[in-house]
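Peer 1: This is what each chain is made of:
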Amino acid sequence: MNRQEFQVEITLMNKPAARDPVGETIQKDLLAKKGYDMVFNVRSGQFLSINLKATDENEAKKIVEKMCNDLRIFNPVTQNLTILKVSKS
Amino acid sequence: MTVKLAVIQFAGSNCDLDTIHVLNNVVDGIEADLVWHNLFKESKYDGVILPGGFAFGDYLRAGIIAAHSPAIDEARVMLDDGRPVIGFCNGFQILTEAQFLPGALLRNDSLKFICKWVNLKVENNTTALSNKMNIRDVLAIPIAHAEGRYYTDNLKELEENNQIVFRYSTENGELTKEANPNGSLENIAGVCNLEQNCVGFMPHPERASEAILSPKRTTHGILFFNSIVEFIKRRIS
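Line by line, the protein sequences give chains A and B.
Counted from 1, the first sequence has number 56 at position 50 by my numbering; the numbering is strictly sequential.
Counted from 1, the second sequence has number 241 at position 236 by my numbering; the numbering is strictly sequential.
If you're looking for bench data, these hints aren't it; they were derived computationally from the structure.
Given the structure is predicted, the values throughout are model-derived calculations rather than measurements.
One should not assume that every hint holds.
Below, a sample of chain B positions facing chain A; criterion: calculated Cβ distance under 10 Å [claimed, not checked]:
hint, residue
1, I69
2, P75
3, G87
4, E102
5, R154
6, Y156
7, N159
8, L163
9, A184
10, G188
Partial pick of chain B residues on the chain A-facing surface, computed with a CB cut under 8 Å [to be verified]:
hint, residue
11, D23
12, D63
13, L65
14, R66
15, G108
16, A109
17, L111
Beta carbons are placed, not taken as given, at the ideal position from N, Cα and C, and that holds for glycine.
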């Protein structure tokens, strides 16, 4: 089967129990002070867009999951990994 | 007897030369080599130090790229046979990312890079980095980091196993919130593995070993290096 190019987008976020001072600062020191007091929580994280060759979307997703786990692209002590989107690139 | 230590130099290490200077010119009984991370061979050394800095630019997360370096595979051999594997600052971050040590170092809760002298309370004085100290000693030492907020989801186990080696404290040894510079869980500044030959902490003993560098003329940093020497001597004898 021909290998095609895919794009996998992931986020790495601190677990809820690990404080995220970046998100807290955006919410408290910017949004709340500028009138956006309806916003009560902001969490920051890292975003990675990964382009790779795979036979299908499922395999592309599996490769990314495996490499993230094997190489600790996210730190399981403090972070959660979320695969946002898998698409043909 | 002279013990032989390696200080690993990663792309982005910046406390490597300071550490080498203190090991070779300030502390007695150590001969230290500066070793590029791809060239490190564990068989030549009694112990290894991962120095402070910004290995691989702290890309992705502080320490994670270095944790996959060949030097860490070599250091793992030393870890397993009981030789000292020590990390200061960025070295501590590398040791947690390599899973030699439990927990992780997160962004300081102030979001600021903090560079200042702090007080460190000794909680365990049997490790490779603390055996020349007394329990409850309070030591003056500088920190310089942006990602030093220690976090673990397994605090109870660390406490039960006596793996918390140092905590940030006041000058009198009180563990207050004000004495905690970065928001670390339970004021934790440094931890060890179960065997106590691997120890990492955020401060910089290489910057606290000469009176001329210290605001109060203290040289507490030497105690950390003397502890490494003592640990090696006890291990060999």
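Peer 1: For every hint, state whether the structure bears it out.
Peer 2: Here is how each hint holds up against the structure:
With a cut of 10 Å, the hint placing I69 (chain B) at the interface with chain A holds, because the nearest CB-to-CB distance is about 6 Å. Because the smallest distance between the Cβ of P75 (chain B) and any Cβ of chain A comes to about 15 Å, over 10 Å, the interface hint for this residue is violated. Interface restraint check: G87 (chain B) against chain A, minimum CB-CB distance 25 Å, threshold 10 Å, status violated. Annotation: interface hint on E102 (chain B) holds; nearest CB of chain A at approximately 7 Å, less than 10 Å.
Here the hint on R154 (chain B) is kept, as its CB sits about 8 Å from the closest CB of chain A, short of 10 Å. At about 5 Å, the closest approach between the beta carbon of Y156 (chain B) and any beta carbon in chain A falls short of 10 Å, and the interface hint on this residue holds. A distance limit of 10 Å between C-beta atoms decides the matter here; for N159 (chain B) the minimum to chain A is near 9 Å, and the interface restraint holds. Here the hint on L163 (chain B) is broken, as its CB sits about 12 Å from the closest CB of chain A, past 10 Å.
The criterion of a C-beta within 10 Å of any C-beta in chain A is not met by A184 (chain B), whose closest approach is roughly 19 Å, and the hint is violated. Interface hint status for G188 (chain B): upheld, as the beta-carbon distance to the closest one in chain A is roughly 7 Å, under 10 Å. The interface hint given for D23 (chain B) is violated, since its Cβ lies 28 Å from the closest Cβ of chain A, which is over the 8 Å cut-off. Because the beta carbon of D63 (chain B) sits about 12 Å from the nearest beta carbon in chain A, more than 8 Å, this interface hint is broken.
Among the interface hints, the one on L65 (chain B) holds; its C-beta lies about 7 Å from the nearest C-beta in chain A, closer than the 8 Å criterion. The beta carbon of R66 (chain B) is positioned within 8 Å of a beta carbon in chain A (closest approach about 6 Å), and the interface hint is therefore held. Taking 8 Å as the C-beta cut-off, the interface hint given for G108 (chain B) holds, the closest approach to chain A being about 6 Å. Interface restraint check: A109 (chain B) against chain A, minimum CB-CB distance 4 Å, threshold 8 Å, status holds.
The interface hint given for L111 (chain B) is met, as the beta carbon of that residue sits about 6 Å from the closest beta carbon of chain A, less than 8 Å.
Consistency with the previously given hints fails for numbers 2, 3, 8, 9, 11 and 12, ordered from lowest to highest.
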